[in-house]
Amino acid sequence: MSLQRLAVPAYRMALIAFLPRSSTVEREEIVQCFEDAVVHRRADSRVAAATYVARSFASLPKALLLTIFQSFELTKSDAAERPGMPVQPTNRHSAQQETTMSGLMSDFKFAARGLARRPVFAGLALLSLALGIGANASILGMVDAVLWRTLPVPDVEQVVRVFQTDERGHRRLSYANYRLLADQPDTALDGIMAHRLQTFGLGVNDRVSVVHGELVSGTYFDVLQVEAQQGRTFTAAETAHTGAAPVVVLSHDLWVREFDQDPNIVGTIVRLNDHSFQVFGIAEASFNGTKFGLGMDLWVPIWAWADAEQWTEGWNEQASGSSWLAVARLSSDLSLRNAEPAFEPLAARLRDAHPEANRDLRLSLFGEVEGGISPHAAGIPKLIGTLALAGSALVLFVACGNVASLLFAKAIGRRHEMAIRYAMGVRRARLIRQLLVESVLLAMLGGALGLAAAWMTSGVLSTLTPNLPYRFAVDASPDFSVALICALIALSSALVFGLAPALQASAVDPASALGSARTLSSRRGQRGLSVVVVCMVAFSLASLVTTGLLLRSLDAVRDVAPGFEPAGRVVAEFDVSLAGDPNLDVPGFFDALRSKVAEWPGVEASAVSSLIPLGDRAASAQLFAHEDGLTYEDKGTESWRASISPGYFAAIGTELTVGRDFGLHDQANGEPVVIVNSELAELLWPKESAIGKLVRFQQSADAQTFRVVGVAANSRYLFLNEPPRPAIFRPLAQSPRGQAVLIANTQHTAGLLEALPEIFSAIDPRVPVIDGKTMDEHVESSLWMFKLGAKLAGGLGLMALVLSAAGLYGVMAHAVSQRRFEFGVRAALGATQQKLVTMMLSRGLRLSLVGAALGVGIALALGSAMGSVLYGVSSTDPVSMAAGVLALAVVVLLAVLLPSLRAARLDPSTTLKP
Amino acid sequence: MSSSNASPALRSHEEALRHLPVKPVDLLVMLSLASEELHGYGLVKAIQERTNGQVVLVPTNLYAMLRRLQQTELIVRCDATAAPNADDRRRYYRLTGLGHVVLQAEAERLRNLLSAADGQGLIDLGSAGGVSR
Numbered sequence: 001m002s003l004q005r006l007a008v009p010a011y012r013m014a015l016i017a018f019l020p021r022s023s024t025v026e027r028e029e030i031v032q033c034f035e036d037a038v039v040h041r042r043a044d045s046r047v048a049a050a051t052y053v054a055r056s057f058a059s060l061p062k063a064l065l066l067t068i069f070q071s072f073e074l075t076k077s078d079a080a081e082r083p084g085m086p087v088q089p090t091n092r093h094s095a096q097q098e099t100t101m102s103g104l105m106s107d108f109k110f111a112a113r114g115l116a117r118r119p120v121f122a123g124l125a126l127l128s129l130a131l132g133i134g135a136n137a138s139i140l141g142m143v144d145a146v147l148w149r150t151l152p153v154p155d156v157e158q159v160v161r162v163f164q165t166d167e168r169g170h171r172r173l174s175y176a177n178y179r180l181l182a183d184q185p186d187t188a189l190d191g192i193m194a195h196r197l198q199t200f201g202l203g204v205n206d207r208v209s210v211v212h213g214e215l216v217s218g219t220y221f222d223v224l225q226v227e228a229q230q231g232r233t234f235t236a237a238e239t240a241h242t243g244a245a246p247v248v249v250l251s252h253d254l255w256v257r258e259f260d261q262d263p264n265i266v267g268t269i270v271r272l273n274d275h276s277f278q279v280f281g282i283a284e285a286s287f288n289g290t291k292f293g294l295g296m297d298l299w300v301p302i303w304a305w306a307d308a309e310q311w312t313e314g315w316n317e318q319a320s321g322s323s324w325l326a327v328a329r330l331s332s333d334l335s336l337r338n339a340e341p342a343f344e345p346l347a348a349r350l351r352d353a354h355p356e357a358n359r360d361l362r363l364s365l366f367g368e369v370e371g372g373i374s375p376h377a378a379g380i381p382k383l384i385g386t387l388a389l390a391g392s393a394l395v396l397f398v399a400c401g402n403v404a405s406l407l408f409a410k411a412i413g414r415r416h417e418m419a420i421r422y423a424m425g426v427r428r429a430r431l432i433r434q435l436l437v438e439s440v441l442l443a444m445l446g447g448a449l450g451l452a453a454a455w456m457t458s459g460v461l462s463t464l465t466p467n468l469p470y471r472f473a474v475d476a477s478p479d480f481s482v483a484l485i486c487a488l489i490a491l492s493s494a495l496v497f498g499l500a501p502a503l504q505a506s507a508v509d510p511a512s513a514l515g516s517a518r519t520l521s522s523r524r525g526q527r528g529l530s531v532v533v534v535c536m537v538a539f540s541l542a543s544l545v546t547t548g549l550l551l552r553s554l555d556a557v558r559d560v561a562p563g564f565e566p567a568g569r570v571v572a573e574f575d576v577s578l579a580g581d582p583n584l585d586v587p588g589f590f591d592a593l594r595s596k597v598a599e600w601p602g603v604e605a606s607a608v609s610s611l612i613p614l615g616d617r618a619a620s621a622q623l624f625a626h627e628d629g630l631t632y633e634d635k636g637t638e639s640w641r642a643s644i645s646p647g648y649f650a651a652i653g654t655e656l657t658v659g660r661d662f663g664l665h666d667q668a669n670g671e672p673v674v675i676v677n678s679e680l681a682e683l684l685w686p687k688e689s690a691i692g693k694l695v696r697f698q699q700s701a702d703a704q705t706f707r708v709v710g711v712a713a714n715s716r717y718l719f720l721n722e723p724p725r726p727a728i729f730r731p732l733a734q735s736p737r738g739q740a741v742l743i744a745n746t747q748h749t750a751g752l753l754e755a756l757p758e759i760f761s762a763i764d765p766r767v768p769v770i771d772g773k774t775m776d777e778h779v780e781s782s783l784w785m786f787k788l789g790a791k792l793a794g795g796l797g798l799m800a801l802v803l804s805a806a807g808l809y810g811v812m813a814h815a816v817s818q819r820r821f822e823f824g825v826r827a828a829l830g831a832t833q834q835k836l837v838t839m840m841l842s843r844g845l846r847l848s849l850v851g852a853a854l855g856v857g858i859a860l861a862l863g864s865a866m867g868s869v870l871y872g873v874s875s876t877d878p879v880s881m882a883a884g885v886l887a888l889a890v891v892v893l894l895a896v897l898l899p900s901l902r903a904a905r906l907d908p909s910t911t912l913k914p
Numbered sequence: 001m002s003s004s005n006a007s008p009a010l011r012s013h014e015e016a017l018r019h020l021p022v023k024p025v026d027l028l029v030m031l032s033l034a035s036e037e038l039h040g041y042g043l044v045k046a047i048q049e050r051t052n053g054q055v056v057l058v059p060t061n062l063y064a065m066l067r068r069l070q071q072t073e074l075i076v077r078c079d080a081t082a083a084p085n086a087d088d089r090r091r092y093y094r095l096t097g098l099g100h101v102v103l104q105a106e107a108e109r110l111r112n113l114l115s116a117a118d119g120q121g122l123i124d125l126g127s128a129g130g131v132s133r
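Just so you know, the sequences run in chain order F and R.
Residues 1 to 914 (our numbering) make up the first sequence, in order.
Residues 1 to 133 (our numbering) make up the second sequence, in order.
Hint data in this document are derived by calculation from the structure and do not stem from the laboratory.
A hint or two may mislead.
Claimed, not checked - Label-pair restraints from in silico Cβ distances:
{"id": "1", "chain 1": "R", "residue 1": "P24", "chain 2": "F", "residue 2": "V256", "range": "36 to 44 Å"}
{"id": "2", "chain 1": "F", "residue 1": "Q4", "chain 2": "R", "residue 2": "V25", "range": "21 to 29 Å"}
{"id": "3", "chain 1": "F", "residue 1": "V256", "chain 2": "R", "residue 2": "L27", "range": "48 to 56 Å"}
{"id": "4", "chain 1": "R", "residue 1": "L114", "chain 2": "F", "residue 2": "Q4", "range": "50 to 58 Å"}
{"id": "5", "chain 1": "F", "residue 1": "V256", "chain 2": "R", "residue 2": "L110", "range": "26 to 34 Å"}
{"id": "6", "chain 1": "R", "residue 1": "N52", "chain 2": "F", "residue 2": "G123", "range": "40 to 48 Å"}
{"id": "7", "chain 1": "R", "residue 1": "P24", "chain 2": "F", "residue 2": "P61", "range": "16 to 24 Å"}
{"id": "8", "chain 1": "R", "residue 1": "V55", "chain 2": "F", "residue 2": "D274", "range": "55 to 63 Å"}
{"id": "9", "chain 1": "R", "residue 1": "V55", "chain 2": "F", "residue 2": "E28", "range": "18 to 26 Å"}
A virtual CB, placed ideally from N, CA and C, is assigned to each residue, including glycine.
Next comes chain R alone, as it looks inside the complex (with noise of 0.2 Å):
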């Protein structure tokens, strides 16, 4: 994941980590909306295919979800967007500046867990994928 154009209202880090430890679903779906925008089934789809369809989300879950995250401020509604082929009957997601940082904050948390892992010689690290030291 790109560490982001930083938002120009960058909240203090410890605001962040106050967040932290994400879900790992609100990190599946915070992920999804790091790099575009979505709506609510664009949301659906995109979590479904990132977990080779293993994560199947009904509405009314993801929407409890996406009220929370709404709640914590780590992504907002727009109400215009830029994303291509727009549809105005559906409502699209964003990232917020402080849902960046907490995403960068828990990718952080997580590189050490797992390398902690990989000192014990749980995983290697190096056959992981993606996840570069």
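Same shape as in the complex, but just chain F (with noise of 0.2 Å):
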């Protein structure tokens, strides 16, 4: 599957680099060929299909070969532009056509000719390019993925996810008004599905694993429009009601990973959280749900989860809850810019329908991308995918600029030929497209490798990913869309890049450079070095600073006390409910694993909470002082909350200043307590004692209340560099969960690590331990967008420093090489060797400075937009700028120094020999 999705993309575009006389409909006549071949072997054997992939890529460059050979049968001799042949009027045109042609092919081979005579030229060049679109196309593979690629269904803009909207913000959708929708025989939407995330222990062979999936209404596949590959998928008729026939509709990866690809699947029984399900179908391979990233392993139809789980009467007829994602397919006639005001009569009945949960509600459309991500949460890829581009951008400018560099130098040392050429008549024309074809060759070839370095590297990319307990289905290598676009950046930066060398250097007055081939260096051509030389030092310097302030941020957020003690902690989540068993003792099940894990060898103490902090799942409430039963206007005070059992506070090693800690006697049926923080406590009773105080969870002031018996010091709860946030804590007893983890304080964290499934199996064999690990690696994997900014702000700064010290050592022994006639001059005058290197080497640091500078503004401007990413450092960070310059100085002397010395030790008597 993968082998086909990657080759056939890359085929197509190979195609079109090495085919170029080819029409689109020839091309993809012929990768359609090639796609059912590699289809058919991949049937028989991977290698079959892999050898014939490799033979149809060997035999790309036979068919250029072909191609050019073709063209000049077909235009047979450019007798046309000889002086003195006469040209028939009645082709002249065809026959200038055929000249174009092959002048363009000779210019081709020109290049190539010229590109393998100066090697050390050709592979610098290369080297450079390929590095700045191999970065480019990697980065935008990866943007491509997180941001911009859409779900793999038919029509997909037609696919919006439909949010509730009121004065809280974007929220989903709960069932009654999903079902209210759904229930509309409305014009404006040709469908409307909801869907959530659920995790289920799938039990195959006595052994239970968790997987991911979704319930889902019977819309759904209709919806998406995702067919099966196998079997069928289920419809809105036979699954909408209670009583319905307990089906499951399977994706092809877990079909392939838990089944081996059983042909046999379908109709089949399989066990979720011990309930029997019927495998319904297998979903296309392509398909991994509709959640960004996530892929998902099964599908479930809402009602027969209700039904099997024995979901408490009326679930359904709540109309104020949030648990349900909506997505709908608008009809053909409605796009999403125009379709909001087609959602408001639909908001009008919900509101009808329901005036006191539905207030004031309207209906929010996200197209699916956005969507996909959440509304909230987009913020923060999309920041670091423009930064991540922003970055490629400027590696790719340092890249080209490179080349340019290199490029002027070469048209330095090319006036003689050009000046020659020129006075035999060529047209500058001719000269400067002759030039320009040689920087399209470069790029081609430097396109190409950049383009297979980053296919080659994209796996190591996906490792960047967060450590998620699902499966993280985000295919990151550049597709044929990056491909493309990479294609055109690399032509594009060829043509702006070459063309100025190409002006300067075609631009030659025959006497003077015939006059003497040892003049003086050009002062125009110095002149464009320069500025080349400059922007590059600039641009590797804003990036080398730019890393310096994200591992600065990083070190800062790693330093952050998380209020909590990390070291000595195992953490392991588990989720009683995946015993599908409604009688399951939950509260028994957890004493029985607290007192199981205390009487492990070295356990010091151990803990169960809904919730841990810094965790990839959390809860809000709303909280409210509650005070002789007066109703205040404001909104509340929201809050992180968990339940946690008795000794949370201890396992966790989190000091609980004030108060008492829940007891064994905190049951359901005594009086509802609370713990609070420090900073709740101070936000609600600011300068008294919180003990003994009342609050609510809900406005209304008779609302239940719970009366605080303890306050714990602050700790971070969602992100390790937030400011304080107010959270609060019940009893695990009054406010019991099935998801749930295990925390534990021992100092031999690998061996419980390791006994932890044990232990799980003994109390119950139902319930498995879905994500074991310490609290350390907990916390570290908190950290992952940090690492990731920093990982590529470094990866792309060092490629940055690499370039521009490539691209100046170049230009100066260039530079050196072209002065030497000038040299020897000096030295035979007298100048010393100390002279000749000073002189040499105030040229490079001279412009270094010019460069630096504009680079210091470079990354001032870059820091400030980067001021929400940066946590503990100042955008001005004088720190990550000394380490910048200083990088870039040790860098720039050594470019610099080499070719200079060399310089000094020209000997007068050979450089001056005619």
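Make one complex out of these two single chains by using the hints.
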């Protein structure tokens, strides 16, 4: 599957390069043939398919040669260009065309020979372009995968996510509201479906493994227009009621992973949370569900699951909830841009049906791409993506600058040759064309190399993704569109950066150029070179400083005290509801787990909590201080919340500053109690003791009240670098949760982690450990965003530095070889070696200084743009600046010094010899 | 191979002779198209089977050949096809009348060649299979 997905677009792209004279239709036909062959061979064996792919690619150069050969055959001769040969008026036009074609071909051949003759120049230029274009392809591929790529479903632009919006922002829909939308015959919609993530315990051969899937309405597959590759998908009619048949559609990936591609899987029974579900079908291989980046393993109808799990009667009638993500397919005459007015009548219906719960409700639509990440979170990946793109563009600039400087240098060296050709009657336009062809050839080769490198490293980039308990289904390898963009970038950079050197090289005055082959260096050429060098130094300094800022942010975040003790702790996620047993004694399970773990040698404390700080999951609540039944007009205080067992604070290492911990007496039938953190206590009861005070989770004065029995120290709950955030804890016994985390304090973390599956299965074999790790690992994985940024910027910065060093070296070395004659004269007139070195050095360093000043300016601008991602460092951080400048200075000095020393060692007696 | 349905636009024998000898791979393509219309991959498969897997064409080479054979009017791309299980995303090719004549002439040429070899005692056509005297 992946072979074909990779090979076909690559082949299509390669055809454009290797069969330049073919039409799109022809190429598509060839691609079709290629795809057929690969698919058929893949069915036999992977090796056969791979061999065929390799052979097909290997035959491409031959195809190009054949094309060139044919074009020569067609053009016969370029007699028309020769003076004195009469041209037939009738076929003048075609003759001219043919000459252009064959001229272009011979330009290419000439350029290729030229490159082969100067391997150092060609190598440096190709390396630069490959790095620049490769970095762009990689970054583009990643940004494309994360931000731009759409769901692999037909007419994806008609697919929108529907959120309900009120003054609290965008929220998901309640099932009741979804039903109202689904039941209305309305022309704006071709269909709407609801879904949400669900974790399942999948029982295969006495082994329970955790899989992630979606609970979906029966319209799910219809709305997305996703087909089954085997069996079939379910429909609305057969699933949208209680008592519907328990059925499941598996993902292709799960079928391969857990069922070994069993061809007879359809119709068999699988165990989900110990309930029986019949396999209805296997979804198309390309379909991974609708959740961005997360590969879904299976799809279960909502009603069938509600029956199996015995959801409380009336779960489908509450209008106030917000647990269902809704996705609609717009009718074909609407688009995302003009659809919102059409949804207003629908929103009005919702408000009429449930005036209380749906007060001020509106419906907001999001395109599939931005909504996939959720409207709240879209900002951060977007920012990172934009910064990464900016960084890679910077590297490309440096790379192109490099090539341009090399071309400039070469152009100076070729003035003599150009002058001769000009004197022989070759027009200037013809000279420019030939020089441009050279840079286009360079760009094409460099682009191909870069793309190949990006393909090979796309796996490496994928390892930068967060450590999620889900299957991370993001394919960051550059696809066809990325390849196309890169080809365009390569070509346009060739034209832009090749044009100036070409113009300059072709602007020759034969009289002066031929008058003395050893003129002193051309002033204009030197000026072009200087500009390029200055820009390169500026850009690489800017990216070095940016890297410094991000690395120092990461350091600062790592130094943050999280408010708990990460060392010597084990955390393990589990979900009691995966047992699928509504009669399971959940508090009893928690108690048994705690006592079993406490017995383990070396365990000092253990606790169970619904959530842990810095996790992937979070919950919040609005808190109101309760005083004499008064209702305040405030909106409450938003707090992080968790349900915890006794001993939580000891186990996680957070100090309980005042009051008591929950005890075994805080049972479901006891007084409802809570523990708050200092921040919440300070906000609700400034300058008073919080102990004994009452809080409510709802605004109305007669809502249930909870008594504060303790105050815990603050810690970091969502991000390490967040400002103090209020938090509230309830006893697990009074607010039981199926999904929970075990926290144990032990010096032998590895031993306990190893023993966990055994401990769990001894209590109840139906409850598996979802994800067990040390707290240190947990905290570290919460930093993935920072690390990603630092790695990206670091990689790009390093590339920029290497590139500008190589470029500077190349330019200086060339300048030295061009000025050998001049140096000879100077040396003969009495200039000392020292003087010559100083002269060269001062020129190189002057340029670098100007570049560095410019670079500092760019870095300051970039830094202020990055303000929101930085933590603990100012965007004008002098340490990062100094480090960047120092690193650059060392490299620049080396790149300038080596050629300068060579200049000084020149012997006038050889350089001045005619 | 069947000495096929003589096309109404039958070209002269001299014209066919100008195309001789036919390249071995071209001959394979023409042979495969003699009895049925095939698309690109169909041809790859047919030739692979015909040669017991010894000749496996890659797409670019195949299409270079198809283009050449079309330029010389030995085969033609058909827009609508009568082939069973036709797939409209793929283009089908068939042998032209001229193609049939050339194929026949080439077969005749090869038979004469083989007879000559037989006469020298190099091969025994009796056991060569398929080719009758």
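Range hint compliance [Cβ, V256 (chain F) to L110 (chain R), 26 to 34 Å]: Violated - the Cβ-Cβ distance for V256 (chain F) and L110 (chain R), about 50 Å, lies outside 26 to 34 Å.
48 to 56 Å as the expected CB spacing between L27 (chain R) and V256 (chain F), which holds or is violated: Hint violated: Cβ distance 44 Å, outside 48 to 56 Å.
C-beta pair P24 (chain R), P61 (chain F): status relative to the range 16 to 24 Å that was hinted: Roughly 23 Å apart at Cβ, these two residues keep to the hinted range, so it holds.
Range agreement (Cβ of V256 (chain F) with Cβ of P24 (chain R), hint 36 to 44 Å): 43 Å, holds
Distance restraint evaluation - Q4 (chain F), V25 (chain R), Cβ atoms, bounds 21 to 29 Å: At 26 Å between Cβs, range holds.
Q4 (chain F) and L114 (chain R) - C-beta distance against the hinted 50 to 58 Å: 43 Å, violated
Assessment of proposed distance window 55 to 63 Å (beta carbons of V55 (chain R), D274 (chain F)): About 57 Å separates the Cβ atoms of V55 (chain R) and D274 (chain F), which means 55 to 63 Å holds.
Satisfaction of the hinted span 18 to 26 Å by the C-beta atoms belonging to V55 (chain R) and E28 (chain F): Between V55 (chain R) and E28 (chain F), where Cβ atoms are some 25 Å apart, the hint holds.
CB-CB spacing for G123 (chain F) and N52 (chain R) relative to the 40 to 48 Å hint: 46 Å, holds
Checked against the numbered hints listed earlier, the structure breaks hints 3, 4 and 5; every other hint is satisfied.
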